[in-house]
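Residue numbers (my numbering), protein chains in the order written: chain A, 1 to 274; chain B, 1 to 274; chain C, 1 to 274.
One or more hints might be untrue.
No more than 35 angstroms apart at the CA atoms, straight line, and that leaves these computed lysine-lysine pairs for DSBU-like [unchecked claim]: (1) C/Lys13 with C/Lys79; (2) C/Lys13 with B/Lys13; (3) A/Lys13 with A/Lys270; (4) C/Lys110 with C/Lys79; (5) C/Lys79 with C/Lys182; (6) A/Lys79 with A/Lys113; (7) C/Lys80 with A/Lys110; (8) C/Lys110 with B/Lys80; (9) A/Lys113 with A/Lys270; (10) A/Lys79 with A/Lys182; (11) B/Lys110 with A/Lys80; (12) C/Lys80 with A/Lys270; (13) B/Lys113 with B/Lys13; (14) B/Lys110 with B/Lys13; (15) C/Lys113 with C/Lys13; (16) C/Lys80 with C/Lys13; (17) A/Lys13 with A/Lys113; (18) B/Lys113 with A/Lys13.
Label pairs and their computed distance ranges (CB to CB) [stated by the list, open to error]: (19) B/Ala99 with C/Ala191: 42 to 50 angstroms; (20) A/Arg11 with B/Gly267: 33 to 41 angstroms; (21) B/Asp216 with C/Lys13: 54 to 62 angstroms; (22) C/Gly165 with A/Arg274: 39 to 47 angstroms.
These are computed hints drawn from the structure, not numbers from a lab. Positions of the beta carbon are idealized from the N, C-alpha and C atoms, including for glycine.
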Amino acid sequence: MPLSVYLENVRIKSPLIHNITNYVTVNDVANALLACGGSPIMADEPDDAEEITQICNGLNINIGTLNSRTIESMFRAGKKSSEMNHALLLDPVGAGASALRTNTALNLMKEIKFNVIRGNSSEIKTLFMGSGKTHGVDASSVDAVNDSNLEYMIEFVKSFSVASGSVIALTGAIDLASDGNKCYVIRNGRAEMGRITGTGCMLSGIMAAFIAANPDHKLDASAAAICLMGLAGEIAFSRLESHEGNASYRNKIIDAIYNMTGEILDGGAKYEIR
Amino acid sequence: MPLSVYLENVRIKSPLIHNITNYVTVNDVANALLACGGSPIMADEPDDAEEITQICNGLNINIGTLNSRTIESMFRAGKKSSEMNHALLLDPVGAGASALRTNTALNLMKEIKFNVIRGNSSEIKTLFMGSGKTHGVDASSVDAVNDSNLEYMIEFVKSFSVASGSVIALTGAIDLASDGNKCYVIRNGRAEMGRITGTGCMLSGIMAAFIAANPDHKLDASAAAICLMGLAGEIAFSRLESHEGNASYRNKIIDAIYNMTGEILDGGAKYEIR
Amino acid sequence: MPLSVYLENVRIKSPLIHNITNYVTVNDVANALLACGGSPIMADEPDDAEEITQICNGLNINIGTLNSRTIESMFRAGKKSSEMNHALLLDPVGAGASALRTNTALNLMKEIKFNVIRGNSSEIKTLFMGSGKTHGVDASSVDAVNDSNLEYMIEFVKSFSVASGSVIALTGAIDLASDGNKCYVIRNGRAEMGRITGTGCMLSGIMAAFIAANPDHKLDASAAAICLMGLAGEIAFSRLESHEGNASYRNKIIDAIYNMTGEILDGGAKYEIR
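Only chain A is shown next, with the shape it has when bound in the complex (with noise of 0.2 angstroms):
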């Protein structure tokens, strides 16, 4: 199917997410949601987040201003979420750069089982490592991807997609995607998303909006927001004046965002599956 199905979805259905997600870019996940048609929704107070989360139809789990009150919510959230067999994603910020970050993200794998794991390559390579199941893969050869390394890493996302049992969604200058069987490999987006913050926090919101809106094609409607978020940032960077920089960029991802039809996202879509 064509990933402007996997959108069309998302406008149609409009998922309401639960989002535990860092204070530094929430307010940027809760308008790229609304841009791509979903309904966005924070509780992260423990006995709050957990009743949130059963009237959602996702839940988008991001690491990256923890502490123990809200600790304590996403493992709540989640197993509740879990249980009612909701969209789950988990965004593992920072794991690798601190004991409790890493070992957070690993407890929640092991306790909750996620559709979704979307990380750097730094990130994802501590889950793999720390999850204790390398299959015979060497991480140390784990690194960004890139065309000379491209084959290798495509393997060891399918076996650490087989391993961990969720869709691995490896994101960077190309971006990886995989459920274990077939795996994408999508060339949109630009460097300059880099410099704004949060590009990957918004990506991880839409992300459970997809995969909430077409829940038989979790792989497909993962690369589908992939997808559109590099072409967002390809569009809006094409809008970009000379004397604009990473406020007005951030703006406009968001508009394209919103502004983004099934015939665009089809047509600007760059990916191949292997």
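Following the hints, position chains B and C against chain A.
Relative to chain A, chains B and C alone:
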């Protein structure tokens, strides 16, 4: 008096508003308050909140991302603010969506006398039913305001205002604001404002400034704030280019508040008093 | 050396700055840091904050929405950062407005050696009086800096810098920054920057990056950051259209930081050294 009077008082007095509000939209609340002529301050650690509120002119309590610490701050700052006769507004975000939100809002209403309670029809209905003072109104018929149920909803809002002792502002496609005696019916704004996170939160912050600057005209000042916000939404929409979306719309709404004059407000406000 | 040297070092070294800061303006702080060439990270759970700060080059402590958890993080990360000789900046938001803020800022100063303390005249005066080292300065005369009290305020800032062992940056219509020996008097910026929330917070984040990238020139680097921020405010203001307000102004300031070159900075910086 024309509504512009209430705006001019905000501009002249520049009331300092203490906001205990959610972290999703807090930055927009602060900039919207500055745009209308007020001044924002945020404090949500209990001791700090109780002390900071004393140097302010008003308190805006928004339960959007409440937690046990901030709930304590809401009660302590609310009581202190009430003792000092400051402007006091409650925005019961998500009342009805979880027990914690519903109970917190109802308990705040029991222990603190709010000048204004502002919410959508679902939130206001929840508070009405939970407060146990139904005054013969059939709560099951309370719904989003439209031209078919307008008469009924006006009576409902008036009745709840009498029961609660607060101005009740029920905002949606048509906005109602009543002090139990008269009821403003306001038709400013655009549906697209719902595609931005935080337009309700921004309005609550602005309303707190308006009632702080106009202590003897709390209903009229509330209505002026609602017209201002809706009109800003109309002006901003008229300035949107076809490729722009909700991020630009958010910025242009705040910009339109910043540039609002009494003349524009009086000319553009669409309301009747019932 | 021209101020551009200090900016170039930020761009070359891209220092990673740990920010324990308020949730009102944190997104703007992150984007302003990225715009100037630095890199932001946020962590405020005590264990996490202490560990994350170790992989950083600098720490920016801003007490704007402090709470008991984040206060502990400030002390633990601050001490660790100090041990490791990282760049350390304190932004005492609201010192003087509540006991918790005043005492937290004073205790932080007692236990941690900050390279730079940046605040407005009221905050700096509060710290000066609270630190009990008045050195014969008449604190009652400390006020916002203007041309009438300039001589006196320069002496005050120098004196407090000697007493505290920190660069003191007192920002307002005229900005002063002193290491006790020399004092920069800076006249960049516009009054309209005060109608945006967070220009002070953004400046503090940027200053932390500047001192991290220029460890041997902390005063000059601080002055360069102040000139950069003020000049960005001037450039952004010149690009505002008549219908635009504080939301657009915020975005354009960050954009102007992003596009700042050494040449523009050296050409537009308005300062003298006293």
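Structure-based check of all given hints:
1. C/Lys13 with C/Lys79: Cα-Cα ~24 angstroms, so holds.
2. C/Lys13 with B/Lys13: Violated, at roughly 46 angstroms.
3. A/Lys13 with A/Lys270: Cα-Cα ~26 angstroms, so holds.
4. C/Lys110 with C/Lys79: holds, 11 angstroms
5. C/Lys79 with C/Lys182: holds, 28 angstroms
6. A/Lys79 with A/Lys113: Holds, at roughly 9 angstroms.
7. C/Lys80 with A/Lys110: It holds: about 32 angstroms lies between the C-alpha atoms, which stays within 35 angstroms.
8. C/Lys110 with B/Lys80: holds, 32 angstroms
9. A/Lys113 with A/Lys270: holds, 30 angstroms
10. A/Lys79 with A/Lys182: With a Cα-Cα distance of about 28 angstroms, the restraint between A/Lys79 and A/Lys182 holds, given a limit of 35 angstroms.
11. B/Lys110 with A/Lys80: holds, 32 angstroms
12. C/Lys80 with A/Lys270: violated, 46 angstroms
13. B/Lys113 with B/Lys13: Distance ~24 angstroms between B/Lys113 and B/Lys13 Cα, so the pair holds.
14. B/Lys110 with B/Lys13: The hint holds at about 30 angstroms.
15. C/Lys113 with C/Lys13: Within the cut-off at roughly 24 angstroms; holds.
16. C/Lys80 with C/Lys13: holds, 22 angstroms
17. A/Lys13 with A/Lys113: With a Cα-Cα distance of about 24 angstroms, the restraint between A/Lys13 and A/Lys113 holds, given a limit of 35 angstroms.
18. B/Lys113 with A/Lys13: With Cα atoms ~40 angstroms apart, B/Lys113 and A/Lys13 exceed 35 angstroms; violated.
19. B/Ala99 with C/Ala191: 42 to 50 angstroms: Given about 48 angstroms between the Cβ atoms, the range holds.
20. A/Arg11 with B/Gly267: 33 to 41 angstroms: Roughly 36 angstroms apart at Cβ, these two residues keep to the hinted range, so it holds.
21. B/Asp216 with C/Lys13: 54 to 62 angstroms: Roughly 58 angstroms apart at Cβ, these two residues keep to the hinted range, so it holds.
22. C/Gly165 with A/Arg274: 39 to 47 angstroms: violated, 59 angstroms
Checked against the numbered hints above, the structure breaks hints 2, 12, 18 and 22 and satisfies the rest.
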